[in-house]
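Peer 1: Sequence:
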Amino acid sequence: MVHISASLLAADYARLGEDIQRAEKAGVDSFHFDIMDGHYVPNIALAPNHLEALRPYSHLPFHGHLELDNPDDILFNFIPLQADAIIVQWDTLTDPAITFERIRSKNIKVGLGLGIEDEIEDSSRFFRDVDLILLLGVYPGFGGQPMQPGMLERITAVRCLADQLSHKINIAVDGGVKPENISNLVQAGADMLIMGTALFQSSDMAQTIKSIRESTVAPLRH
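So the sequence shown is numbered by our numbering: it starts at 612 and just counts up by one.
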């Protein structure tokens, strides 16, 4: 089944706990925390302590997405909070191998985020070191944007490279994901969908997720 991760960037910040419980009841598989400080992206969003504050509201995995200029400097903030996965952006890393090892040494899954303008070939040699590759479908910072063109080709290219490795890698798409384009994204090779606006602004989140489950089955991967 396709993994659906609810992006809290689109949730009601005054009722985050309630929205997490609502999304879990509706059938999501995990929660995506966009950590932004207003430098790497022109927005300020969630912070590491949100994981700790919201942990009592759900037993589902929490994924921290570091959209920061200095991910290595703040990684220690996530270690005590036991994030289930940490995703770092390719163009913020000075030594990817060291960053990945620092995350994995704490038994946390490693994710690599690629922006729209990041060349896939530049980072492909590090795919063997990660559990998840996140492809941004929009310019990061704000929810509700339409997906940029060329995403299907990027997903297919990453999937082709990932399938050559000895371990399974999830391919996630973040930004512009909506029911109308999900089938094409999955057919291209995505097996994790990060959805914010399409879920939290849906009149019936449970029905939206049910429809996605019924209409889309991710291809089996080795």
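In case anyone wonders, no lab produced these hints; they're calculated from the structure. Hints may contain errors.
As a list, the in silico DSS-like pairs of lysine-lysine whose alpha-carbon atoms are at most 30 Å apart [claimed, not checked]:
1) Lys717 - Lys779
2) Lys720 - Lys779
3) Lys821 - Lys720
Since the model is a prediction, treat every value here as computed from it, not as a measurement.
Peer 1: Indicate, hint by hint, whether the structure satisfies it.
Peer 2: Going down the list of hints, with the structure as the test:
With a C-alpha separation of about 20 Å, the suggested pairing of lysine 717 with lysine 779 holds against the 30 Å cut-off. Distance hint between lysine 720 and lysine 779 is fulfilled; the C-alpha atoms sit about 12 Å from each other, no more than 30 Å. For a cut-off of 30 Å, the pair hint linking lysine 821 to lysine 720 stands: about 27 Å separates their Cα positions.
Violated hints: none; the structure is consistent with every hint.
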